[in-house]
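Chemist: Listed below are the residues making up each chain.
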Amino acid sequence: MLENLSQEEQKVVNVIKTVIDPEVEINIVDLGLIYKVEINDNDKIIYVTMTLSARGCPVGDTIIKHVETVVEANWQDYKADVELVWEPEWTPEMITDEGKKFLNM
Amino acid sequence: MKAGLSTKNAPSPNVVLPHYVFGALAFIAASVMLFFASDDIVSLYIGPKVLGIVHVLVLGWITMIIYGALYQLIPVVMEVKLYSEILAYISFFTLGLGTILMAISFWYSYILLTILIEIGATLVIVSTFLFAINAIKSSLSSSQRGVEIRFIVTSVFWLLLTILLGIFIILNTSYSWIGKSNVELLKIHANFGIIGWFMMLVIGVASKLLPMFFIAHKLKIKYLHYSYYLSNLGLVAISIVYTFYPNEILLLLLYIVITLGIIFFIKYNYDAYKARLRKKLDIGLKLSVFSFILLFLTIIFGFISFLSPDFMGSFNIQFSIAYGISLILGFFTSLILGQMYKTLPFIVWLQKYQDKVGKYKIPMPADMYSVKLANAHYYTYVPAILSLIIAVFAKCSLLVQISAGLFLLTSVLYAYNTFMIVYHKDISKPL
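From first to last, the protein sequence lines are chains A and B. Numbered per the numbering used here, the first sequence finishes at 107, counting up by one with no gaps. Numbered per the numbering used here, the second sequence finishes at 496, counting up by one with no gaps.
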């Protein structure tokens with residue numbers, strides 16, 4: 003999902019990698035939850051489009067807040083705008099190779 | 066755009082946590098009572114002590130935890146706020162006090178202390194209505210209409226019917242409104258309670274939670290629809306047959322229909338288990354998976370005790386008791402033991418740390434209890450339940466006491482972890 007990223011956007015992804023899903027205990031980037039990262043330098047906004055592994059996930063809010071916090075902490079002039087989407091629906095195929103290795107898949 | 070999120074809907078943990086604490090203490094109490102009731106159990110005497118244990122387990126342990134878990138889960142599953150936290154508080158106190166009064170009076174003789182039973186039962190009934198109002202009112206404001214939610218809402222209706230029929234039976238004993246024997250009515254009452262309320266609730270909640278914890282996708286939801294129609298149809302038909310035409314063969318067929326419904330539920334969750342993301346099960350899921358083995362055992366014992374084949378002779382009573390044990394101390398208990406580890410740490414974790422993620426170094430939910438102790442009580446629980454079932458068939462009082470000892474160990478270790486989570490101190494450090 004994460005394609006055509008600029009160098010700076012890749013850095014954002016790396017920062018989001020510090021956010022761990024508390025149930026699976028792997029980071030949400032390798033879990034495949036992050037769909038899009040886009041930096042708008044004019045408006046100083048970092049857009050993140052992401053999903054969650056299940057609707058009604060009780061820690062969903064916290065994960066999203068976590069993403070906003072770490073992004074804004076590292077790009078202090080920017081605002082993080084995290085959008086939660088349910089389409090396309092997350093599936094285990096979206097887990098990165100790194101994540102699959104961790105999960106012994 | 067943030068539909069499907071539920072943290073903002075979560076009730077205050079102060080509403081939910083007391084249920085888990087009371088439940089853990091009730092489980093300890095029931096284990097101690099089991100030790101002192103060993104003679105009654107092996108002599109197959111459903112007397113005051115056994116009734117006392119059953120009420121502590123069914124009301125103080127299972128129902129209490131179900132109330133607490135549902136007050137947390139209704140917002141999660143239905144994506145709404147709980148209708149009323151105050152009603153939830155009152156239902157906690159009335160259920161807790163009612164259970165204690167009923168358990169004490171049953172234990173010491175249910176003839177002398179009838180007034181305590183009446184007060185206790187009234188409190189439990191009040192708490193049931195309050196819980197039902199809360200659950201139904203919340204569901205009405207929800208736009209979610211999944212089959213799991215339908216199971217949960219339907220189970221609350223069956224709970225109301227169970228209670229209403231229970232009250233009717235008590236009054237019918239005094240006023241003889243209808244000429245039906247109370248034994249037949251009690252059978253309907255038990256079916257409503259066990260299949261309609263407990264089983265359907267468990268199907269709804271487990272089918273929502275287990276696939277979420279297994280992180281399993283593309284499951285065949287039609288299995289749950291089949292399960293819903295078969296179990297409800299079977300239960301309605303059974304109550305009609307028991308009331309108007311108690312025919313053994315017809316009843317057997319209807320029990321098979323309900324069992325098919327339960328098997329579809331098992332199949333749905335088995336698929337989730339097979340498709341699970343993490344192959345290694347944590348302790349919460351290990352206990353939950355074990356509960357399904359005990360569910361199979363329950364179904365087998367249930368059928369044998371219903372059929373009461375002649376060649377079993379006096380063993381038929383043992384099968385009835387083994388059915389009750391494998392259902393209450395087996396399936397439900399194992400599922401609660403496991404699901405506590407999948408729910409309670411998250412509830413407390415969110416309370417303590419949701420504003421600190423990304424800013425502080427914080428523990429994971431699984432770091433909030435001792436995994437070693439949880440594993441230890443898995444290994445005390447499995448022999449505890451198996452030895453109790455064997456003790457019933459072997460009529461061995463000593464084995465009941467050994468089992469009670471193992472249950473006591475299980476319950477103390479479980480309670481220790483429960484308290485560790487509930488009283489968890491914030492250990493975050495700035496990054």
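What the hints contain is simulated information worked out from the structure, not anything from laboratory work. Computed from a predicted model, the values in this text were never measured in an experiment. C-beta: ideal position from N, C-alpha, C; glycine also. Careful: at least some of the hints might be erroneous.
What the hints assert, rightly or not - Think about it this way: if two alpha-carbon atoms lie no more than 30 angstroms apart in a straight line, the pair counts; the simulated DSSO-like pairs of lysine-lysine are: (1) Lys102(A) - Lys421(B); (2) Lys13(A) - Lys407(B); (3) Lys332(B) - Lys19(A); (4) Lys407(B) - Lys67(A); (5) Lys19(A) - Lys424(B); (6) Lys283(B) - Lys67(A); (7) Lys81(A) - Lys426(B); (8) Lys332(B) - Lys407(B); (9) Lys426(B) - Lys46(A); (10) Lys38(A) - Lys73(B); (11) Lys13(A) - Lys283(B); (12) Lys407(B) - Lys426(B); (13) Lys407(B) - Lys351(B); (14) Lys103(A) - Lys332(B); (15) Lys102(A) - Lys345(B); (16) Lys202(B) - Lys38(A); (17) Lys13(A) - Lys285(B); (18) Lys103(A) - Lys73(B); (19) Lys332(B) - Lys67(A); (20) Lys103(A) - Lys285(B); (21) Lys344(B) - Lys67(A); (22) Lys46(A) - Lys73(B); (23) Lys417(B) - Lys345(B); (24) Lys46(A) - Lys424(B); (25) Lys102(A) - Lys351(B); (26) Lys102(A) - Lys245(B); (27) Lys19(A) - Lys417(B); (28) Lys407(B) - Lys102(A); (29) Lys344(B) - Lys38(A); (30) Lys73(B) - Lys332(B); (31) Lys417(B) - Lys67(A); (32) Lys19(A) - Lys407(B); (33) Lys67(A) - Lys73(B); (34) Lys146(B) - Lys67(A); (35) Lys102(A) - Lys146(B); (36) Lys103(A) - Lys339(B); (37) Lys67(A) - Lys46(A).
Stated by the list, open to error - Now the stretches of chain B that chain A is said to cover, found in silico as 3 or more residues with beta-carbon under 8 angstroms: (38) 93 to 103; (39) 138 to 145; (40) 270 to 278.
Chemist: Would you mind marking each hint as holding or not holding in the structure?
Modeler: Hints and how they fare:
1. A C-alpha spacing of about 28 angstroms is found between Lys102(A) and Lys421(B), which places the hinted pair at or below 30 angstroms, so the restraint holds.
2. Simply put, Lys13(A) and Lys407(B) have alpha-carbon atoms about 34 angstroms apart, too far for the 30 angstroms limit, and the pair is violated.
3. With a C-alpha separation of about 36 angstroms, the suggested pairing of Lys332(B) with Lys19(A) is violated against the 30 angstroms cut-off.
4. Distance restraint check for Lys407(B) and Lys67(A): the Cα-Cα separation of roughly 22 angstroms lies within the 30 angstroms cut-off, and the hinted pair is therefore satisfied.
5. With a C-alpha separation of about 15 angstroms, the suggested pair Lys19(A) and Lys424(B) falls inside the 30 angstroms cut-off, and the hint holds.
6. For the hint pairing Lys283(B) with Lys67(A), the CA-to-CA distance comes to about 28 angstroms; that is within 30 angstroms, so the pair holds.
7. A distance of roughly 23 angstroms separates the Cα atoms of Lys81(A) and Lys426(B); the hinted pair therefore holds under the 30 angstroms criterion.
8. Taking the CA atoms of Lys332(B) and Lys407(B), the gap is about 21 angstroms. The hint holds against a cut of 30 angstroms.
9. At roughly 28 angstroms between alpha-carbon atoms, Lys426(B) and Lys46(A) fall within 30 angstroms of each other, so this suggested pair holds.
10. Under the criterion of a C-alpha separation no larger than 30 angstroms, the hint pairing Lys38(A) with Lys73(B) is consistent with the structure, at around 25 angstroms.
11. A threshold of 30 angstroms between alpha carbons decides the hint, and for Lys13(A) with Lys283(B) the separation of about 33 angstroms lies outside it, so the pair is violated.
12. Restraint check: the Cα-Cα separation between Lys407(B) and Lys426(B) comes to about 22 angstroms, which is no more than 30 angstroms; the hinted pair holds.
13. The suggested pairing of Lys407(B) with Lys351(B) holds, with an alpha-carbon distance near 11 angstroms, which does not exceed 30 angstroms.
14. A threshold of 30 angstroms between alpha carbons decides the hint, and for Lys103(A) with Lys332(B) the separation of about 29 angstroms falls inside it, so the pair holds.
15. Taking the CA atoms of Lys102(A) and Lys345(B), the gap is about 14 angstroms. The hint holds against a cut of 30 angstroms.
16. A hinted pair counts as satisfied when its Cα atoms are at most 30 angstroms apart, and Lys202(B) with Lys38(A) does not qualify at roughly 39 angstroms.
17. With a C-alpha separation of about 39 angstroms, the suggested pair Lys13(A) and Lys285(B) falls outside the 30 angstroms cut-off, and the hint is violated.
18. With a C-alpha separation of about 34 angstroms, the suggested pairing of Lys103(A) with Lys73(B) is violated against the 30 angstroms cut-off.
19. Of the pairs offered as hints, the one joining Lys332(B) and Lys67(A) is violated, with about 36 angstroms between alpha carbons and a cut-off of 30 angstroms exceeded.
20. Pair hint Lys103(A) plus Lys285(B) holds up; C-alpha atoms about 28 angstroms apart against a cutoff of 30 angstroms.
21. Note on Lys344(B) and Lys67(A): the hinted pairing holds, with a Cα-Cα distance of about 29 angstroms set against a maximum of 30 angstroms.
22. Between Lys46(A) and Lys73(B) the CA atoms are separated by roughly 28 angstroms; this keeps the pair inside 30 angstroms, and the hint holds.
23. For a cut-off of 30 angstroms, the pair hint linking Lys417(B) to Lys345(B) stands: about 28 angstroms separates their Cα positions.
24. For the suggested pair Lys46(A) and Lys424(B), the alpha carbons sit about 22 angstroms apart, so the restraint of at most 30 angstroms is met.
25. Among the hinted pairs, Lys102(A) with Lys351(B) is consistent with the structure: their alpha-carbon atoms are about 22 angstroms apart, no more than 30 angstroms.
26. Between Lys102(A) and Lys245(B) the CA atoms are separated by roughly 63 angstroms; this puts the pair beyond 30 angstroms, and the hint is violated.
27. Note on Lys19(A) and Lys417(B): the hinted pairing holds, with a Cα-Cα distance of about 22 angstroms set against a maximum of 30 angstroms.
28. Under the criterion of a C-alpha separation no larger than 30 angstroms, the hint pairing Lys407(B) with Lys102(A) is consistent with the structure, at around 23 angstroms.
29. Proximity of Lys344(B) to Lys38(A) is assessed by CA-CA distance (about 29 angstroms); at most 30 angstroms being required, the pair is judged to hold.
30. Of the pairs offered as hints, the one joining Lys73(B) and Lys332(B) is violated, with about 33 angstroms between alpha carbons and a cut-off of 30 angstroms exceeded.
31. For the hint pairing Lys417(B) with Lys67(A), the CA-to-CA distance comes to about 15 angstroms; that is within 30 angstroms, so the pair holds.
32. For the hint pairing Lys19(A) with Lys407(B), the CA-to-CA distance comes to about 24 angstroms; that is within 30 angstroms, so the pair holds.
33. Among the hinted pairs, Lys67(A) with Lys73(B) is consistent with the structure: their alpha-carbon atoms are about 12 angstroms apart, no more than 30 angstroms.
34. A distance of roughly 20 angstroms separates the Cα atoms of Lys146(B) and Lys67(A); the hinted pair therefore holds under the 30 angstroms criterion.
35. Note on Lys102(A) and Lys146(B): the hinted pairing is violated, with a Cα-Cα distance of about 36 angstroms set against a maximum of 30 angstroms.
36. For the proposed pair Lys103(A) and Lys339(B), the alpha carbon gap of about 19 angstroms is at most 30 angstroms, so the pair holds.
37. With a CA separation close to 19 angstroms, the supplied pair Lys67(A) and Lys46(A) stays within the 30 angstroms bound.
38. Under the rule that three or more residues need a Cβ within less than 8 angstroms of chain A, the assignment of the stretch 93 to 103 of chain B is violated, with 0 such residues.
39. For the stretch 138 to 145 of chain B, the stated coverage by chain A holds: 3 residues have a C-beta nearer than 8 angstroms to a C-beta of that chain, and at least 3 were required.
40. Using a Cβ-Cβ cut-off of 8 angstroms, 4 residues of the stretch 270 to 278 of chain B lie near chain A, which meets the minimum of three, so the contact claim holds.
This entry does not satisfy hints 2, 3, 11, 16, 17, 18, 19, 26, 30, 35 and 38, going by the numbered hints stated previously.
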